[in-house]
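*Asks:* Which chain is which? The protein sequence lines are A and B, in order.
If you're matching positions, the first sequence starts at 1 in our numbering and goes up one per residue.
If you're matching positions, the second sequence starts at 1001 in our numbering and goes up one per residue.
In case anyone wonders, no lab produced these hints; they're calculated from the structure.
Worth double-checking, as some hints may not be accurate.
For lysine to aspartate or glutamate, the following EDC-like pairs were computed, each having C-alpha atoms within a straight-line distance of at most 20 Å [claimed, not checked]:
| id | chain 1 | residue 1 | chain 2 | residue 2 |
| --- | --- | --- | --- | --- |
| 1 | A | 97 | B | 1206 |
| 2 | A | 659 | A | 592 |
| 3 | A | 203 | B | 1206 |
| 4 | B | 1572 | B | 1605 |
| 5 | B | 1097 | A | 641 |
| 6 | B | 1668 | A | 230 |
Here are some chain B residues pointing at chain A (derived, C-beta under 10 Å) [stated by the list, open to error]:
| id | residue |
| --- | --- |
| 7 | 1096 |
| 8 | 1107 |
| 9 | 1115 |
| 10 | 1171 |
| 11 | 1173 |
| 12 | 1233 |
| 13 | 1236 |
| 14 | 1347 |
| 15 | 1351 |
| 16 | 1377 |
| 17 | 1380 |
| 18 | 1383 |
| 19 | 1416 |
| 20 | 1448 |
| 21 | 1478 |
| 22 | 1486 |
A quick note: this is a predicted structure, and the numbers were derived from the prediction, not measured.
Heads up, the beta-carbon is just placed ideally off N, CA and C, and yes, glycines get one too.
So the chains spell out like this:
2 protein chains.
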Amino acid sequence: MSSQIEQLAINTIKLLSVDQVSKANSGHPGAPLGLAPLAHIIWKNLKFNPKNPEWINKDRFVLSNGHSVALLYSLLHLFGYDLSIDDLKNFRQLGSKTPGHPESETPGIEVTTGPLGQGISNAVGLAIAEKNFAARYNKPDFTISDSRVYTILGDGCLQEGVSSEASSLAGHLKLNNLIAFYDDNHITIDGDTNVSFTEDVNKRYEAYGWNVIWVKDGNNDLEGIAKALEDAKKSDKPTLIRVTTVIGYGSLQAGTHSVHGSPLKADDVKQLKEKLGFNPDESFVVPQEVYDYYNKEVVERNQKIEEEWNKTVEAYKSKYPELGAELSRRLSQKLPENWAEKLPTYNSGDKALATRKLSEMLLDSVFDELPELIGGSADLTGSNLTRTKEAVDFQPDGSNIGTYAGRYIRYGVREHGMGAIMNGIAAFGANYKPYGGTFLNFVSYAAGAVRLSALSGHPVIWVATHDSIGLGEDGPTHQPIETLAHFRATPNLKVWRPADGNEVSAAYQIALEQNHTPSIIALSRQNLPQLEGSSIEKASKGGYVVHEVADAHVVIVSTGSEVSIAIDASKKLKESGINARVVSLPDFHTFDRQPKEYQLSVLPDGIPILSVEVLSTSGWAKYAHEQFGIDRFGASGKAPDVYKFFEFTPEGIASRAIKTIDFYKGSKIVSPLNRAFYPIHYE
Amino acid sequence: MSSQIEQLAINTIKLLSVDQVSKANSGHPGAPLGLAPLAHIIWKNLKFNPKNPEWINKDRFVLSNGHSVALLYSLLHLFGYDLSIDDLKNFRQLGSKTPGHPESETPGIEVTTGPLGQGISNAVGLAIAEKNFAARYNKPDFTISDSRVYTILGDGCLQEGVSSEASSLAGHLKLNNLIAFYDDNHITIDGDTNVSFTEDVNKRYEAYGWNVIWVKDGNNDLEGIAKALEDAKKSDKPTLIRVTTVIGYGSLQAGTHSVHGSPLKADDVKQLKEKLGFNPDESFVVPQEVYDYYNKEVVERNQKIEEEWNKTVEAYKSKYPELGAELSRRLSQKLPENWAEKLPTYNSGDKALATRKLSEMLLDSVFDELPELIGGSADLTGSNLTRTKEAVDFQPDGSNIGTYAGRYIRYGVREHGMGAIMNGIAAFGANYKPYGGTFLNFVSYAAGAVRLSALSGHPVIWVATHDSIGLGEDGPTHQPIETLAHFRATPNLKVWRPADGNEVSAAYQIALEQNHTPSIIALSRQNLPQLEGSSIEKASKGGYVVHEVADAHVVIVSTGSEVSIAIDASKKLKESGINARVVSLPDFHTFDRQPKEYQLSVLPDGIPILSVEVLSTSGWAKYAHEQFGIDRFGASGKAPDVYKFFEFTPEGIASRAIKTIDFYKGSKIVSPLNRAFYPIHYE
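Based on the provided sequences and hints, a complete structural model is requested.
*Replies:* Written out as structure tokens, the structure reads:
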């Protein structure tokens, strides 16, 4: 029942996608063939301006089944984004704008997808951000925000646990600005879904509190898809529209998994082009009327909408100058001037406190100042200390436990979902800085999302408390060992382990100032003294001399809860005439970005360096000749007993410092910062 | 409606649990108070012999909400396991048998739990193993296996995605030997579940294909619980019994989250003991009649059942000598003699092949020999090449796509679920060696389960293909960088990255011979040549000289796909008069366990050592003075283009070898294997 031009447009999308995969001889043609009609209907309905991809009130489109990316590139090209036919011809080639999975650097791509389950979970985060943004800025007479989030996901996304976590929360939060289309094509890589996936998806989503609609012929029933979409817009819940399709529709291999991840054969492409009324000898063909149709029907309409919105915002700024200024500031991705004056500072006489407690005090101090800060915890609020005193919970309007204007999210025990949702919140724009709490050990549950924060450059913050054996009795199931080695080895990720209050302030200051780098802040359960030698300024360099001695025989470099013990060790060594400088190195990533000269002033040539940290020694050789750490699992017991057992005492550190000095006696000692060669293509 | 002795027993369980937490002044009293009646009913019904915890036909009990461990210790003590009142008094103390969460080293504890969502997923694995074990050994006239798996889980476990993945698969597989009790107490750490968890759990589990029963008063309705349990046994599906309870039942803080994770106050303990008819001035009290009751009603009955089973097995061995011998062998946790003769070996003239392909050929060769081998893939069968030619799928009996005797599991796109299920299969016993395939990068999705494999010592094997930028076009979302650094930093985990066919055989041989150590085998997508210098024997040491030269100026140490490029670099360097030894180091963990003398013969003093691997350099300083790697994210493009871009070519390696030689010229060079001091308490 579609018009001729619509069918031509859909066929163009299909063949552009197939041509990309064929030209690259690599990629996934099946899903684009099944999804082109659906994508056409969604994009026809989408609110966006291809010339201003950063428009805050655009609708967001997330391709959660990211392997179908050729479809997305076809759409971006046809709808006027900065992606040329030549770019499509370079699909999956080194250095192209069209890599093998969607990467958010490409204009028009909201979030990086491919790792399954992430996109739909990012979409939940985008929807949360929109609800919060609208609640803060909309007024009865001014609609600043009314955008929606659309996403397509496949069977794979539904099977991944991360999507279960995020979808359950989306239902709880009644995010009716979220419309998800489930590509029900019965095929995964292993073949028919009946080999592993026979659950009743509709019922499961109803159980989560979603509105569920089923379109049974997604290959042809354009009206049915369009009607479902309109119905979804009216719901007071998030909607899952199950669209039954045939993978590779039109191909000779339609409906089989062989069409999933390999190019179509030449004869198959030929018959497909003929079937769709295209010249089989031509590739990358776009009839001019398709460009014109999309430009007129969609792009021009949307540009008018954006113009209207711009006028609304101008009027808003006059009527609500304070909120208007805040809005402008946030849209420019800048923090308020002088916000950092709110950061607490400490002197060595101040009370010993757990760094998780210092984190809570800091959040209390800055929370009102930064409306872009939106926090939460994966059901460990009382342990992570992530909820500020005045915070309101982010909950559905009309519930009696919070509102959409609230900025504290009760994530439930859903670390991976929280990570992916935070990525979505950050991807919304408006300078959102999401933070989320859990135990450091359980950030690993979210490794898939943390990696994508780093790869996509989402400035999210993990408040990762209970950061070592110092958590004590909960034992080895909860004590991180490999965790910091893992995350420090992840590119573009700051991993702070502050030693006291000033270092906590430095960690948050730098983390909040990032626009393209996520941070993990590892915090202690146990109390730590305020150090004499620390300051926000020094710690902001990522590493500094916290305890200086004349004529050092050894440098002890440490982080977090071990820094004060290292200083005690230095004092003990002094009694035996040994001079031990102590360096605090709260974040490798920040320290690595200081001038080399500064780095070498902290960790110089000529003195042996010993690292001390109650976690895996792996990765420390970058800064220290010798490493004292824990390369086994921890132990359940009172924290002081466990520290003593592993010899992380002034005596235990001092004895290893002496062994380090002895071992290097008579050798030419080169700082580990000096290397035979340095990386190329560094980030 | 319970008898007096039952009530006394339940009260004893409650107070023993409360006393443990109070004595330790640390732990979780709330759940045990709510769950004691349920636990009593389950354990009364359980088939086990406390004097023979390894009995293969015992029922398994898994406490998925592991923080309730005080409850489990009380049960183990009362039901006659080797856990004394003194052990209970040492709850959560360093070196005790009663750590803060259940650890499988304690007799009677099936799996280590605490990290939420894992236990229920392990239970699915235990149920799969039982179905497979029964299908292989039961005969119409002999029941060798008919045990069940019981598990208690809380709201937290249900919120975690890993449990969604495993539960969906359990429903698909119709595992009616699995009975899960959901402690529906409306409380998580953040307070009432209505802040984040309002989904309809019953409906969700029905959607997964489970049988769902609801007991609405779990604190008092013992008959209701018992009836639900009997009904569950008759189901042809897995059963979820939702048991509504009050957390901390009987405490003054009952029904609030303040009773979750902190000891009860002294006056609260006092009133509770009085209420339950115990002397408030005494602790750790067990009335003799409770011991007698459990011993007579449960232990003695079960010992008779085990005796009968032993007789059955003896008769079975006479009637089915071949299967009987196999059964005996498996119960002794030993591989068949001479099995390793089936491992393929290669010569340098043999065809270049991807190591994932070599892995497939190996699995084909040994699969029939090893009935304990039970494999699968997270929906990447055709890419991981994990399915052997003759494999039958593990599917419900009566389906037309496999049987319970099948040994190939279609996990679906559920990596974390797969990891936790593999842990459960391994925990079943009978020498099960589960392996599971996914891309190396997505093993990270399962980090929570991998960590528990290592901590608990489950000998599972990850077939981790597409192990680097060598996967090419899929790009940075799929190219691991930090992954090996992460897993190599995890204690008790072997991480193989074989360079050719002989190294693949060595990796599998050692992985399969483990009874207490898991392995990840990282495999290439691209073809690699068979090396002249490799052999199974050499590679079995974890590291060896693969290309020797006289009077080496430099040692190049490498793994996997880069070893052959390093050898080419050595040949290129030879042309300039530079002698470069090449070392292949396929597994750090295995190499670390060789005699120091051997290790130093491979990586000696006096020669600078350069590592070469197309992943993060982090962790390599343990073996090499200088590291050539990739400390940024990868790139989408043809694999050879990407290798060239990052300079992993003979020329790129050679130039860095020269820089390494120059940098260390004139220095005293000490092998990184020689350290100033060595770890204490090593694993």
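*Asks:* Now tell me if each hint is right for this structure.
*Replies:* Going down the list of hints, with the structure as the test:
1. Taking the CA atoms of residue 97 of chain A and residue 1206 of chain B, the gap is about 45 Å. The hint is violated against a cut of 20 Å.
2. With a C-alpha separation of about 28 Å, the suggested pairing of residue 659 of chain A with residue 592 of chain A is violated against the 20 Å cut-off.
3. For the hint pairing residue 203 of chain A with residue 1206 of chain B, the CA-to-CA distance comes to about 8 Å; that is within 20 Å, so the pair holds.
4. This hinted pair does not check out: residue 1572 of chain B and residue 1605 of chain B have alpha carbons roughly 24 Å apart, beyond 20 Å.
5. Our distance criterion of 20 Å between C-alpha atoms is met by residue 1097 of chain B and residue 641 of chain A, whose separation comes to about 16 Å.
6. Between residue 1668 of chain B and residue 230 of chain A the alpha-carbon distance is near 75 Å, which puts this suggested pair outside the 20 Å criterion.
7. The beta carbon of residue 1096 of chain B comes within 8 Å of a beta carbon in chain A, closer than 10 Å, and the hint placing it at the interface holds.
8. At a threshold of 10 Å, the smallest CB-CB gap from residue 1107 of chain B to chain A is about 17 Å, leaving the interface hint violated.
9. Residue-level restraint check for residue 1115 of chain B holds (minimum Cβ-Cβ distance to chain A is 6 Å; threshold 10 Å).
10. Satisfaction of the interface hint for residue 1171 of chain B is found here, the shortest Cβ-Cβ separation to chain A being roughly 6 Å, below the 10 Å cut-off.
11. Hint status for residue 1173 of chain B relative to chain A: holds, with the closest Cβ pair at about 9 Å, below 10 Å.
12. Using the Cβ-Cβ criterion of 10 Å, the hint placing residue 1233 of chain B at the interface with chain A is not satisfied: the shortest such distance is roughly 23 Å.
13. Taking 10 Å as the C-beta contact cut-off toward chain A, the hint placing residue 1236 of chain B at the interface is violated, the least distance being around 14 Å.
14. For residue 1347 of chain B, the shortest C-beta to C-beta distance to chain A is roughly 32 Å, which exceeds 10 Å, and the interface hint is violated.
15. A least Cβ separation of about 23 Å between residue 1351 of chain B and chain A goes past the 10 Å threshold, and the interface hint is therefore violated.
16. The restraint placing residue 1377 of chain B at the interface with chain A holds, with a minimum CB-CB distance near 7 Å, inside the 10 Å limit.
17. A distance limit of 10 Å between C-beta atoms decides the matter here; for residue 1380 of chain B the minimum to chain A is near 6 Å, and the interface restraint holds.
18. Annotation: residue 1383 of chain B was flagged as interfacial toward chain A, and the flag holds, the nearest CB pair being 7 Å apart, inside 10 Å.
19. Annotation: residue 1416 of chain B was flagged as interfacial toward chain A, and the flag holds, the nearest CB pair being 6 Å apart, inside 10 Å.
20. With a cut of 10 Å, the hint placing residue 1448 of chain B at the interface with chain A holds, because the nearest CB-to-CB distance is about 5 Å.
21. Annotation: interface hint on residue 1478 of chain B holds; nearest CB of chain A at approximately 6 Å, less than 10 Å.
22. The criterion of a C-beta within 10 Å of any C-beta in chain A is met by residue 1486 of chain B, whose closest approach is roughly 4 Å, and the hint holds.
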